[in-house]
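Protein chains: 2
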Amino acid sequence: MENNVSRPVCILGLGLIGGSLLRVLADAGRPAYGYNRSTTTVAHARAAGYDASPDPAQVLARAADDDAVIVLATPVPALAAMVAAVAEHAPGCLLTDVVSVKEEVARIVAAGHPGARYVGGHPMAGTAHSGWDATDPALFTGAMWMVSTHDDTDPADWLAVAGIARAAGAYVVPAANDAHDRAVAAISHNPHLTAAVTASAGAGESALALRLAAGSFRDGTRVAGTAPELQRAMLEGNATALLNVLSETIDRLTAARDALREHGSVEVVVDDGHRARKAYEAVALAAPEPIEGVTVGDDGWARELRRQAHRARVWTD
Amino acid sequence: MENNVSRPVCILGLGLIGGSLLRVLADAGRPAYGYNRSTTTVAHARAAGYDASPDPAQVLARAADDDAVIVLATPVPALAAMVAAVAEHAPGCLLTDVVSVKEEVARIVAAGHPGARYVGGHPMAGTAHSGWDATDPALFTGAMWMVSTHDDTDPADWLAVAGIARAAGAYVVPAANDAHDRAVAAISHNPHLTAAVTASAGAGESALALRLAAGSFRDGTRVAGTAPELQRAMLEGNATALLNVLSETIDRLTAARDALREHGSVEVVVDDGHRARKAYEAVALAAPEPIEGVTVGDDGWARELRRQAHRARVWTD
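Chains H and R supply the protein sequences, listed in that same order.
Read left to right, the first sequence gives residues 1 to 317 (my numbering).
Read left to right, the second sequence gives residues 1 to 317 (my numbering).
Please keep in mind that the hints were generated in silico from the structure rather than gathered at the bench.
Each statement offered as a hint is correct.
Simulated DEER-style distance windows between Cβ atoms:
#1 Arg311(H) to Ala227(R): 26 to 36 Å
#2 Thr39(H) to Pro290(R): 46 to 56 Å
#3 Glu281(R) to Ala48(H): 22 to 32 Å
#4 Asp178(H) to Ala43(R): 52 to 62 Å
#5 Ser6(H) to Ser247(R): 56 to 66 Å
With the Cβ distance kept under 7 Å, some of the chain R side facing chain H (calculated, not the full set):
#6 Glu205
#7 Val245
#8 Leu260
#9 Arg311
According to the in silico footprint, chain R covers these stretches of chain H (three or more CB under 8 Å from chain R):
#10 252-260
#11 278-291
Fair warning: this is a prediction, and the values are worked out from it, not measured in the lab.
We put the beta carbon where it would ideally sit given N, CA and C, even for glycine.
Given only the sequences and the hints, what does the whole structure look like? Please build it.
Printed below as a string of structure tokens:
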């Protein structure tokens, strides 16, 4: 197994997530460098003291040479070209990604680089802002970082990817790609849609309504302000899982409308929502419990990690 | 016209809104006192140096004696009993309220105190917390405070109520009761329902989903944590307006589902939501423009205040 503490990391894409990852790793003294197609972004990264290049072939040749872990950090539409470049210039390197859907990325990797050593990842961190200027080396501190954990995942590769998440300050959440995609549809992608329609219904009412808008509207519609192309790439890349939770959301709102119209009551929807919010707070506000009693690589390790993660535990080794 | 700067204010109900109002007025040296049925709340208010009593007849006799403006600040279910007490003990006093719906409160006042001098109000301020311990004299600083503004509103009474809002640090938003109720259905009550179903859909998915939940879920479901009985009183008291905006919300989500299922696209819902959020930010983040060129009491003053408020202006005189 490679020495995961000093192994170089090569980051393809230096936006909010990729750029923040480059900064936190380099700041901690780990060999880390990145590629971005925008020479402006590269100039900003270099001016801040980071190792960045606008030449993908050169960056990938370097990654092949020093056995770097390659991190795909571009938006979904640019992934296929990036994967093709990896297959050409650094086919033997371990590959991970930080994209918000996992099954689609796995398909893109399998199609463009069939022999890839690939272990997906997804840090649950972000803001409504994007680009290098929004980067923050503390972005991942205490955040959850999903790492793809399947029965055929190579343990050494898994440890290398999980080690990057830990080095960035995050907790590791082991999960299968399909379970991850269902989960983020429910807690991230669907909230983008409910924020969007809540914003539209409010702004469509009147300027008086926007004038009276206070905390519930401000917080409830915040993510609707995210760049539309980023939202679309994320949501459309997870269409199947999102359709399921969106249908459930419509069903719940329709039941609320019927109860309000027929009985003048919103008791069920309000009580259910209150209970759900309190369940979230119980998970989110407490220190996460660590996964225990399993060594990565032992028989059944991946299944056991997933089982404990489904009880909201995190990997912290 | 009374001297609105030194005129006493009598507040019935010392929860988050009423208690914060008592504090900000008394802190500024204005004669202000309050009633609360809970002796614990009264003891806490007194211990903090405020003038509070658990005896409604005594408090209202005092209000009648010193010509105080009476502020109804109890939840909707307790209003009818409060209005009856006002009719009995202080029938000549000017009456206002701080309740989040206006047509229903106007009905309750008209039913229980037919001759009342009543000008409704609604400060757009609150938190997910409630009760005296959550009160904050700065709660209304810079907030919007709707004041009922109809063609038959008495100008002196209107100025007395608007003056309380200004003394609390708020901007005054003049509006008709029905326009207010439609507006708050769109920017407050509907967001409570979308937050509730978003929370339920997320928590219902899995503990893994709650573990991965980050900013979009945290902010988008925040108000679902408000005490259910307060949410119910607010939403069920505005059922007609809420049903309209809720139906629109369901329609928008259904259109989004159809577009995603049939064309793999969320372009329309995301673009509409983004535009709406930016429209909100343009209104909320800029300093509000003042209403100009109208003197309260002049011919057509109420209509002109409403007209300018519908262009997002505020009264600051």
